[in-house]
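Protein chains in written order, with our numbering: chain A, 4 to 173; chain B, 37 to 142; chain C, -12 to 614.
Heads up, some of the hints might be wrong.
With a straight-line cut-off of 20 Å between C-alpha atoms, the simulated SDA-like cross-links for lysine to any residue are [stated by the list, open to error]: (1) B/K141 - C/A343; (2) B/K141 - C/D349; (3) C/K434 - C/I551.
Over the 12 Å line for every Cβ pair with chain C, so calculated as not near, a few chain B residues [claimed, not checked]: (4) N48; (5) F51; (6) V61; (7) L65; (8) A70; (9) Q99; (10) A109; (11) G130; (12) T133; (13) L137; (14) N139; (15) L140.
Hints were generated in silico from the structure; no laboratory data involved. Glycine included, C-beta positions come from ideal geometry on N, C-alpha and C.
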Amino acid sequence: MSTVLIIFSVLSAITLATAFLTIFSKNPIHSAIYLVICFFSIAGHYLLLNAQFLAIVHVIVYSGAIMILFLFTIMLMNLNEQREVYRPRITRLGAIVSFCLICLILIAIFINSKPIVGEYTTTGEDYQSIKVLGKILLNEYMVPFEFASVLLLVAMIGAVLLSKKEKLEK
Amino acid sequence: MNNILNHIGIENYIFLSVILFCIGVFGVLYRRNAIIVFMSIEIMLNAVSLLFVAFSTYHQDAQGQVFVFFSMAVAAAEVAVGLAILVSIFRNLGSITIDNLKNLKG
Amino acid sequence: MNTNIALVLVFAPFLGFLINVFFGKSLGKTLSGVIGTVSVLISFIATAYFFGGISAQPEGIKISLFDWIQISNFSVDFGFQLDQLSILWLLFVTGIGTLIHMYSISYMHEDDNMHKFFAYLNLFIFFMIMLVIGSNLLVLFIGWEGVGLCSYLLIGFWYKNQEYNDAAKKAFIMNRIGDLGLLIGIFIIGNLFSTLDYATLKTAISSATDLDMYMLSIAAFALFIGACGKSAQIPLYTWLPDAMAGPTPVSALIHAATMVTAGIFMITRLNFIFDLTPYVQTIIAIVGAVTALVAATIGLMQNDIKKVLAYSTVSQLGLMFLALGLGAYEVAVFHVITHAFFKACLFLGSGSVIHALHGEQDMRNMGGLKKAMPVTFITMLIASLAISGVPLFSGFFSKDEILLVAFHQSIPLWIVASIASIMTAFYMFRLMFLTFFKEFRGTAEQKSHLHESPALITIPLIVLAILATVGGLISLPGNSWLNEYLTPILPKLATAEHHLGTTEYILMGIAVLGGIIGIGLAYAKYIKQNSVPVADAEISGFSKVLYNKYYVDEFYDALFVKPINVLSRFFRDTIEAGLSSLVFGFGKVTNELSYQGKKIQTGSIGLYLFAFVLGLCAIVSYLFLAQ
Chain A
4 MSTVLIIFSV LSAITLATAF LTIFSKNPIH SAIYLVICFF SIAGHYLLLN
54 AQFLAIVHVI VYSGAIMILF LFTIMLMNLN EQREVYRPRI TRLGAIVSFC
104 LICLILIAIF INSKPIVGEY TTTGEDYQSI KVLGKILLNE YMVPFEFASV
154 LLLVAMIGAV LLSKKEKLEK
Chain B
37 MNNILNHIGI ENYIFLSVIL FCIGVFGVLY RRNAIIVFMS IEIMLNAVSL
87 LFVAFSTYHQ DAQGQVFVFF SMAVAAAEVA VGLAILVSIF RNLGSITIDN
137 LKNLKG
Chain C
-12 MNTNIALVLV FAPFLGFLIN VFFGKSLGKT LSGVIGTVSV LISFIATAYF
38 FGGISAQPEG IKISLFDWIQ ISNFSVDFGF QLDQLSILWL LFVTGIGTLI
88 HMYSISYMHE DDNMHKFFAY LNLFIFFMIM LVIGSNLLVL FIGWEGVGLC
138 SYLLIGFWYK NQEYNDAAKK AFIMNRIGDL GLLIGIFIIG NLFSTLDYAT
188 LKTAISSATD LDMYMLSIAA FALFIGACGK SAQIPLYTWL PDAMAGPTPV
238 SALIHAATMV TAGIFMITRL NFIFDLTPYV QTIIAIVGAV TALVAATIGL
288 MQNDIKKVLA YSTVSQLGLM FLALGLGAYE VAVFHVITHA FFKACLFLGS
338 GSVIHALHGE QDMRNMGGLK KAMPVTFITM LIASLAISGV PLFSGFFSKD
388 EILLVAFHQS IPLWIVASIA SIMTAFYMFR LMFLTFFKEF RGTAEQKSHL
438 HESPALITIP LIVLAILATV GGLISLPGNS WLNEYLTPIL PKLATAEHHL
488 GTTEYILMGI AVLGGIIGIG LAYAKYIKQN SVPVADAEIS GFSKVLYNKY
538 YVDEFYDALF VKPINVLSRF FRDTIEAGLS SLVFGFGKVT NELSYQGKKI
588 QTGSIGLYLF AFVLGLCAIV SYLFLAQ
């Protein structure tokens, strides 16, 4: 058992456990916290795969921005620990069925495609440092990059507009 | 540690990603609270990003990571707008259980 | 030059029709009437011009306006043929037409739709001219259909009365049945000879070596059926008495003088075809004779003044067909002309009587009018003497010729025609005695309003009476201008013998005697015995059968009308219902499907999400696993 594998197992355990707990916890604030921890663990996975830049960005964007948004919204709506009143049996059955179904299908796909995956070789050259990433982003993916910035602008405007309180006519 | 996947093996990453994705799906279908549904969607997105990065390492190609980049940008935008909508719904209906959103009944 | 005048001849009445249709209401009653009359007068003048020039050009004038139909070896052009026969017909059509238009200006003066009346009359004259002047069977057919249409419009002129509308429909439908025969005849002739032009047909038939006699006979018979429909012979005659529902000028013009002679015109035009088919000629003669007798018997018992005249018309047309069937076309043409004069006079006179009595048409309520309406009385008397065959009036000459021809060819037919003539004299003078003699039997109020009709009515009466008197001069036995005139059309006349032997004089004497017997019987019954026909409820026995027209209308009703009604009811209730339920069924099915489909939209987001997932699984498994 190499150290890498142990680190991987630990990180995976944390990821899966927190994801599970996110879904099954009764208190939404607890769910949010668990999700933050899940995101951190995934950032750890990224580091393990030597994608440093991506790991940092992941932490900043997801844990730092998105989860803050979630937490603010939860607090805005003053959600407490709630019991969900009405959850018919068929829903639970449906959820479990789909869980198994998706799982099976996806795994089947990946097993099926094993020949395509093939063998892993390293060439040793640098392919994912921030320098290379920057070059690729701004050379080949220039247009999507710019569009992404427009998208963010639009989302911001949309969010502001949607959550404006309607002015009452006096 | 460029040959990390020699130690861990790509199948492990595949399984991890798949199971994380399925947890996300389960969460979407199981919970009735809109916020939790959103969070499950984020879990799904993350699972996919993880797989992308794993394969980017596998193929020694940076394009996978670029995709994750954009996926993150989109996820951020989507969360902003989605939460704004949720807040409006909360203001109009008073609760955010998705069972109450039945106006599209035909 | 000739073309232009011919175009004026044809289209002047049409122009009158257009003016009256579009501007008639604003022009006022008298002006629209005058325009109508003048347009027909123009046609008459044009015809007179051609009549004057025909002796210099015996082969006639042929004008071709344009090529109409051209299919491989079959070609028809739209053209006019102004030869002796068509000019003769045009003369009396336009001449009597002008007189009747003049008459109508006064007769229809109280009607609000007078401009429409004149429009229809002009249209009728236009189509009749087209019928007569055409150079081929197709132009004739245009005119044929057109006069049928105008007849329908004019019979049903007072459209607010449903009975009149029914009479108009009956006339049109019976005409249509005849038209089917005409069309079949035209088709067969076109098929046999690849042409419908009269001149071409004549040369083709005279020079043909092997004629399909069977098909030619069928064509001739079909044409005769067309003539039956238009000229009211058995079995298609019942529309003519009902057509008396129209105003009296209409009855005079269309149903006495012009439209009903179209059948005779057609047969005379195509005499070269009928001469080759003796069987069809025999049928024509028999049908004509029987019609003459049957119509005369019905006329004996009628009490409506116009109905008597209508049956008289049918009977006289039967005599004309008898002449045609015996091959004596010129005699039939002569009788057409004299009949036009005295029948138009009789109808116009009866119109004058009806007008004076404010619409009373039942002879049982008339009587003693000769003092109050002297001009009408004298003109109608002259016309009645003419129709009864009293010597020196025109009817004597023409009817006598028919009886002569019948005697020479077939004694039974001569007997039938003579009996019909005796009955004609009887019922015509019955009409005269009941209407003009003895005491007035109507209401006191009508009696106080009795007066002679205005000039516009009496002048045509006088003109027609004069013509009825002297009209016989055009074809005196032994020295006939008409026969010489018609020789280019009817080549057999050139070799016919005209000698007056003892047989002819004896036959003339017998005919005159028959007429006097008829008048005498009528005098005995209605003047000496003072008898007046009984009211409808008291008629019994054989008289009742005659009065009810041998129940032919009821027979037709049971045989044709009721089955068709049953058939159409069947279609309406069964087939129509079935088809519409089929069409509606489509709508219902779609409705049901969409109602069921609506249930998918439950509105529950959980369900939608579940459906997402399932769909995703399906697509992904199809794409990646199914290969």
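Comparing the hints with the structure gives:
Simply put, B/K141 and C/A343 have alpha-carbon atoms about 83 Å apart, too far for the 20 Å limit, and the pair is violated. Note on B/K141 and C/D349: the hinted pairing is violated, with a Cα-Cα distance of about 80 Å set against a maximum of 20 Å. Of the pairs offered as hints, the one joining C/K434 and C/I551 is violated, with about 48 Å between alpha carbons and a cut-off of 20 Å exceeded. Separation of B/N48 from chain C is adequate, the least Cβ-Cβ distance of about 21 Å exceeding the 12 Å criterion.
No beta-carbon of chain C is positioned within 12 Å of the beta-carbon of B/F51; the least distance is around 17 Å. Not every CB of chain C is more than 12 Å from the CB of B/V61 (nearest about 6 Å), against its label as outside the interface. With a least beta-carbon separation of about 6 Å from chain C, B/L65 fails to lie farther than 12 Å from that chain, contradicting its non-interface assignment. Not every CB of chain C lies more than 12 Å from the CB of B/A70, the least distance being 9 Å, so the non-interface label is violated.
Its beta-carbon lying about 21 Å from the closest one in chain C, B/Q99 satisfies the requirement of being farther than 12 Å from that chain. The beta carbon of B/A109 sits about 23 Å from the closest Cβ of chain C, which is more than 12 Å, so the claim that it is off the interface holds. With a minimum CB-CB distance of about 17 Å to chain C, B/G130 clears the 12 Å threshold, and the non-interface call stands. With a least CB separation of 10 Å from chain C, B/T133 falls inside the 12 Å interface cut-off, contrary to its annotation.
Not every CB of chain C is more than 12 Å from the CB of B/L137 (nearest about 6 Å), against its label as outside the interface. The claim that B/N139 lies off the interface is violated: its Cβ sits roughly 7 Å from the closest Cβ of chain C, which falls inside the 12 Å cut-off. A beta-carbon of chain C is positioned within 12 Å of the beta-carbon of B/L140; the least distance is around 5 Å.
The structure fails to meet hints 1, 2, 3, 6, 7, 8, 12, 13, 14, 15 from the earlier list, while all remaining hints are met.
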